[in-house]
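So the protein lines, in turn, are chains L and V. Using our numbering, read the first sequence as starting at 464 and increasing by one per residue. Using our numbering, read the second sequence as starting at 9 and increasing by one per residue.
In case anyone wonders, no lab produced these hints; they're calculated from the structure. From the three backbone atoms N, C-alpha and C, an ideal C-beta is built for every residue, glycine too. You may find that some hints are simply not true.
Unchecked claim - Among chain L residues calculated to face chain V with C-beta under 7 Å, some are: (1) 502; (2) 505; (3) 528; (4) 563; (5) 564; (6) 567; (7) 569; (8) 570.
As the list claims (entries may be wrong) - Chain V regions said to be covered by chain L (calculated; three or more residues, Cβ under 8 Å): (9) 50-59; (10) 103-113.
Claimed, not checked - Short derived list, chain L residues pointing at chain V, Cβ under 8 Å: (11) 468; (12) 566; (13) 568.
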Amino acid sequence: EAGVTQFPSHSVIEKGQTVTLRCDPISGHDNLYWYRRVMGKEIKFLLHFVKESKQDESGMPNNRFLAERTGGTYSTLKVQPAELEDSGVYFCASSQEGIREQYFGPGTRLTVT
Amino acid sequence: QKEVEQNSGPLSVPEGAIASLNCTYSDRVSQSFFWYRQYSGKSPELIMSIYSNGDKEDGRFTAQLNKASQYVSLLIRDSQPSDSATYLCAVEGVRFGAGTRLTVKP
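Full structure from sequences and hints, please.
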């Protein structure tokens, strides 16, 4: 069974540009989570999808971040326009319905210059 | 006060010893607790979950939960150099501590 995949693995963009990160959860996992880890800090929750619905988006930092999960399969996280403080590793995780144990993807390292 | 607190370490133990990793949390109503292992440059990997007070054992790992004290710990018996990693405590699945770096010396 394939694990959680994320694309791209690395992205370097300039301040003001737009970046879209993609996450493909484990097949059949209804729950999909986005996290961000800034260097030296703890992993911070961004939001949680149950199928295509946003269950909890309390961790989204501001309206420059937009997450979607059309059709309840893969998800995208768009940052527009990117700021320097958006740099970090963005992790996606998924879990089965009703289960809190999460499986993490490899992460996308975003660098905003 | 941070929501989930862990000693950052580094914690160093000799091979074969017991490593003890601790975590405290602030939200008294929390019900689910998780330990993840993260190797440098890699993503977190789930080790164990615990929901009830007491001990839960899985191989060389034992998770301990005390909800009254808002404390959860992870014991690693017979520590191996391959256990050297950062261990992350997560509460309710989504609130993470900063992690404790463990080094097991041969």
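Classify the hint on residue 528/L as holds or violated, based on whether any CB of chain V lies nearer than 7 Å to its CB. With Cβ-Cβ at 16 Å, over 7 Å, it is violated.
Examine the region 50-59 of chain V for residues whose CB is less than 8 Å from any CB of chain L, and state whether their number is three or more. n = 6 at 8 Å, threshold three: holds.
Examine the region 103-113 of chain V for residues whose CB is less than 8 Å from any CB of chain L, and state whether their number is three or more. Answer holds; 5 residues pass the 8 Å Cβ test.
Interface restraint verdict for residue 569/L against chain V (beta-carbon cut-off 7 Å): At 5 Å from the nearest chain V Cβ, residue 569/L passes the 7 Å test, so the hint holds.
Would you settle whether the hint for residue 564/L is holds or violated, based on the nearest Cβ-Cβ distance to chain V being less than 7 Å? Hint holds; residue 564/L Cβ to chain V Cβ min 5 Å, cut 7 Å.
Taking the closest Cβ pair, is residue 570/L under 7 Å from chain V? 5 Å, holds
Once the shortest beta carbon distance from residue 568/L to chain V is found, is it less than 8 Å? Constraint on residue 568/L satisfied, holds at 6 Å.
Have a go at the residue 505/L hint: is there a Cβ in chain V nearer than 7 Å to its own Cβ? Nearest chain V Cβ about 4 Å off; hint holds.
Classify the hint on residue 567/L as holds or violated, based on whether any CB of chain V lies nearer than 7 Å to its CB. Holds, because the Cβ-Cβ distance from residue 567/L to chain V comes to roughly 4 Å (cut-off 7 Å).
Does the closest beta carbon of chain V sit nearer than 8 Å to the beta carbon of residue 566/L? 7 Å, holds
Residue 563/L as an interface hint toward chain V, with CB separation required under 7 Å: 4 Å, holds
Go through the hint on residue 468/L and say holds or violated, using the shortest Cβ distance to chain V against 8 Å. 11 Å, violated
This entry does not satisfy hints 1, 3 and 11, going by the numbered hints stated previously.
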